[in-house]
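**Student:** For chain A, the structure is supplied; the task is to place chain B on it using the hints.
If you read the protein sequences in the order shown, they are chains A and B.
Going by numbering that gives the first Met the number 0, the letters in the first sequence line up with residues 0 to 388, in that order.
Going by numbering that gives the first Met the number 0, the letters in the second sequence line up with residues 0 to 388, in that order.
For the record, the hints were derived by calculation from the structure and aren't laboratory data.
All C-beta atoms, glycine included, are put in the ideal place defined by N, C-alpha and C.
Errors might be hidden in some of the hints.
Said to hold, decoys possible - Simulated coverage check for chain B against chain A, where a stretch passes if three residues somewhere in it have a Cβ under 8 Å from a Cβ of chain A:
#	segment
1	98 to 109
2	235 to 249
3	268 to 278
Claimed, not checked - Among the chain B residues that face chain A by a calculated CB cut under 8 Å, a handful are:
#	residue
4	Ile1
5	Tyr5
6	Arg6
7	Asn41
8	Thr51
9	Leu58
10	Pro63
11	Ser70
12	Arg114
13	Thr117
14	Asp264
15	His281
16	Ala285
2 protein chains.
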Amino acid sequence: MIAEEYRKMLGAKSVIREIFSYGSERAKEIGRENVFDYSLGNPSVPVPDKFTRKMKELLDRESPLTLHGYSPSLGIDSVREAVAKSLKDRFGLEYKKEHIFMCSGAAAALAHAFRAVTVPGDSILTFAPYFPEYQPYVNLTGAKLKVVPPDLKGFQVDFEKFSQMLTEDVTAVLINSPNNPSGIVYTTETIEKLAGIMEEKAQEYSHPIYLISDEPYREITFTGVDDPYIGKYYKNTITCYSFSKSLSLPGERIGYVAVSPQCEDAAVIIEMCGQISRGIGHNCPASIIQLAVADCLYDTADLSVYEKNAQILYTELTRLGFEIVRPGGTFYMFPKAKEKDAVSFCKRAMKKDLLLVPGDTFGCPGYFRIAYCIETEKVERSLEAFRKL
Amino acid sequence: MIAEEYRKMLGAKSVIREIFSYGSERAKEIGRENVFDYSLGNPSVPVPDKFTRKMKELLDRESPLTLHGYSPSLGIDSVREAVAKSLKDRFGLEYKKEHIFMCSGAAAALAHAFRAVTVPGDSILTFAPYFPEYQPYVNLTGAKLKVVPPDLKGFQVDFEKFSQMLTEDVTAVLINSPNNPSGIVYTTETIEKLAGIMEEKAQEYSHPIYLISDEPYREITFTGVDDPYIGKYYKNTITCYSFSKSLSLPGERIGYVAVSPQCEDAAVIIEMCGQISRGIGHNCPASIIQLAVADCLYDTADLSVYEKNAQILYTELTRLGFEIVRPGGTFYMFPKAKEKDAVSFCKRAMKKDLLLVPGDTFGCPGYFRIAYCIETEKVERSLEAFRKL
Chain A
0 MIAEEYRKML
10 GAKSVIREIF
20 SYGSERAKEI
30 GRENVFDYSL
40 GNPSVPVPDK
50 FTRKMKELLD
60 RESPLTLHGY
70 SPSLGIDSVR
80 EAVAKSLKDR
90 FGLEYKKEHI
100 FMCSGAAAAL
110 AHAFRAVTVP
120 GDSILTFAPY
130 FPEYQPYVNL
140 TGAKLKVVPP
150 DLKGFQVDFE
160 KFSQMLTEDV
170 TAVLINSPNN
180 PSGIVYTTET
190 IEKLAGIMEE
200 KAQEYSHPIY
210 LISDEPYREI
220 TFTGVDDPYI
230 GKYYKNTITC
240 YSFSKSLSLP
250 GERIGYVAVS
260 PQCEDAAVII
270 EMCGQISRGI
280 GHNCPASIIQ
290 LAVADCLYDT
300 ADLSVYEKNA
310 QILYTELTRL
320 GFEIVRPGGT
330 FYMFPKAKEK
340 DAVSFCKRAM
350 KKDLLLVPGD
360 TFGCPGYFRI
370 AYCIETEKVE
380 RSLEAFRKL
Chain B
0 MIAEEYRKML
10 GAKSVIREIF
20 SYGSERAKEI
30 GRENVFDYSL
40 GNPSVPVPDK
50 FTRKMKELLD
60 RESPLTLHGY
70 SPSLGIDSVR
80 EAVAKSLKDR
90 FGLEYKKEHI
100 FMCSGAAAAL
110 AHAFRAVTVP
120 GDSILTFAPY
130 FPEYQPYVNL
140 TGAKLKVVPP
150 DLKGFQVDFE
160 KFSQMLTEDV
170 TAVLINSPNN
180 PSGIVYTTET
190 IEKLAGIMEE
200 KAQEYSHPIY
210 LISDEPYREI
220 TFTGVDDPYI
230 GKYYKNTITC
240 YSFSKSLSLP
250 GERIGYVAVS
260 PQCEDAAVII
270 EMCGQISRGI
280 GHNCPASIIQ
290 LAVADCLYDT
300 ADLSVYEKNA
310 QILYTELTRL
320 GFEIVRPGGT
330 FYMFPKAKEK
340 DAVSFCKRAM
350 KKDLLLVPGD
360 TFGCPGYFRI
370 AYCIETEKVE
380 RSLEAFRKL
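Extracted from the complex, chain A is given alone in its bound form (with noise of 0.2 Å):
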């Protein structure tokens, strides 16, 4: 019989859709350039030639029977290899072939790490505001997401609420910095704190926390910001990555899971996450999109246009009386809305073609998020609709 549960799951559409959805729509009617479409995460700029040109020479110069071929469970070894490498040289970490998986984005990478180090029933802490995905991918491996209320000062952590929260039941802290949607960065402080809560209570629970980094984000961070890497403050850290942001390459679904050196159950974790591939019929990215990346593991998409961005909008908005916490990476920001209820706030704006998304997606009421992976020129031609509202 059909399976109510994902049933069910049909009746609860996704609000950045809809409204993703209403401006396609609306599109149609004055022009795409006359909406402003702040509601989708969508890269704005295009991929490295680099990595087009390692496309066609892959294509015109390997044998087709290589090239698409099987690629073993865990990911094409000189890829692994070549992606631990990367790691190494940028963060200092031991990182061998052992400890890469490779997987189709960071939706993938997150579902083995949940499976990896829970058991249906455990409970996964996570910190608002929050990614909403993160809500169906815990749901769907018979763990349970609990969420930490936000730190609204600065989007960083709320360490009372924090400990208070992380229980026996615990078995995995996720988090997400650069975050989605506040744009912030935690800082080494932060970090450095958590850190060190997770080791106390894991001793005094004897049973291991790990901490589920997804940093989809890594590479979009601003000038003179704090930047730590995760995985070198805390040992057991399970880093879950995805090219989708930094080389703009959201469709082809392709990231890792890295589990850190330091971690003393480092290449079991990798290796189960084989099994894991196994049971959800994953099966590993694209053969030809592993080899193809492989090759610009130092490189980014041209990721500058997102700092403008950035730079423009809190200037703008600032004067206009928002509050707003500073970004310090990704295309997103995250102000207070103009009146308490965001939801009505954002329905107002859309008025104004200004296409916004309500905190409330995001476990944050009274926010909401802007999406400025948006061309420069629109962003500024946007600022009168903002004067506006």
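**Tutor:** Relative to chain A, chain B alone:
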């Protein structure tokens, strides 16, 4: 804590992979050309040029932001439409976009299909000999795989045992025709009888029983073989397809779920696949691969080598006194071993550098699988080793 369920799976290594690894080691000693590796089902003919040309055209002509952008969660609309049209053109069923869910290969297709029509505790019934990965695929959904013993006369269906085992807890029947490992294609008569029994039992139990048809070998059938399109014979059919074998693209992870247009809940099941996808972190096959494959829906790699190899091996091995059900497709055959214990038989073969897989792996002891997706020249040279054996 580490999930013991997956850790335990690490102990149970795949027999096929072990034999393959032995072959790779042996190849280093005596040269790859002297190891007759019949262990792995890896295509041995290249992808059609058309695919490669389309990939390069996409890279050259499309805007990278569109090309590599997010695919909708059910797959790119134009690709789903093209797949539906090709199925309609080829098999006459009224498939529409709404009946197609693009996914990363047959493993992913099955992962979604199983979850859509079972809940933990339900049973899925399949037939020996069967692809061994069905066990972890099903087990990790929480459902139970039950296996109908083989019909040793022709590797069709033992209907008496099937009827007995089709109890009320069974919500899905899983078939694989053309079959791995037997190479057999279910006849129209088999499918009609199977469908008849399923309809009867569904009525008796007052709940639907879905037919999940795993069809990665659909395009590999031999001259004159009766190969009915299964979706035509039973309305609640969920077809799971992969382009891995037909286009020789196993590493690129691309396939689809097609729910028969006759199925009352067809569109709902497809929408549910999108939700299941969120839960298991699947989120679509790579965009560029979707777009390139959509251009090759009426093409295949040159699959004629498989029929040629089948003929040579069947003729020679029956001459040598092996009992074999003549394969109707795929690149497998499944002869009876020359001794009762197929494992020890395959070990003896290994000493002659002939790599075969014992039938025990496929739920059918006493037989062995030959995966003859290798060059014909090598097949011919291997005959001497069979003779000695």
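**Student:** If a hint holds in the structure, say so; if it does not, say that too.
**Tutor:** We went through each hint and held it up to the structure:
1. By the rule of at least three residues with a Cβ nearer than 8 Å to a Cβ of chain A, the coverage given for the segment 98 to 109 of chain B holds, with 7 such residues.
2. Counting residues of the segment 235 to 249 of chain B whose CB lies closer than 8 Å to any CB of chain A gives 3, which reaches the minimum of 3, so the coverage claim holds.
3. Evaluation of the coverage hint for the segment 268 to 278 of chain B: fulfilled, as 7 residues show C-beta separations to chain A shorter than 8 Å, against a requirement of three.
4. Evaluation of the Ile1 (chain B) hint against chain A yields a held restraint, the C-beta minimum of about 6 Å falling below 8 Å.
5. Satisfaction of the interface hint for Tyr5 (chain B) is found here, the shortest Cβ-Cβ separation to chain A being roughly 4 Å, below the 8 Å cut-off.
6. The restraint placing Arg6 (chain B) at the interface with chain A holds, with a minimum CB-CB distance near 6 Å, inside the 8 Å limit.
7. The beta carbon of Asn41 (chain B) comes within 6 Å of a beta carbon in chain A, closer than 8 Å, and the hint placing it at the interface holds.
8. About 5 Å separates the beta-carbon of Thr51 (chain B) from the nearest beta-carbon of chain A, less than 8 Å, and the hint is met.
9. Because the beta carbon of Leu58 (chain B) sits about 5 Å from the nearest beta carbon in chain A, less than 8 Å, this interface hint is met.
10. Contact between Pro63 (chain B) and chain A, as hinted, is supported at the beta carbon level, the nearest pair being about 4 Å apart and thus within 8 Å.
11. The interface hint given for Ser70 (chain B) holds, since its Cβ lies 5 Å from the closest Cβ of chain A, which is under the 8 Å cut-off.
12. The interface hint given for Arg114 (chain B) holds, since its Cβ lies 6 Å from the closest Cβ of chain A, which is under the 8 Å cut-off.
13. Interface restraint check: Thr117 (chain B) against chain A, minimum CB-CB distance 7 Å, threshold 8 Å, status holds.
14. Against a cut-off of 8 Å between C-beta atoms, the interface hint on Asp264 (chain B) holds, since the closest Cβ of chain A lies about 6 Å away.
15. Against a cut-off of 8 Å between C-beta atoms, the interface hint on His281 (chain B) holds, since the closest Cβ of chain A lies about 7 Å away.
16. For the restraint placing Ala285 (chain B) at the interface with chain A, the shortest Cβ-Cβ distance is roughly 4 Å, inside the 8 Å limit, so the hint holds.
The structure fails none of the hints (numbered hints given earlier).
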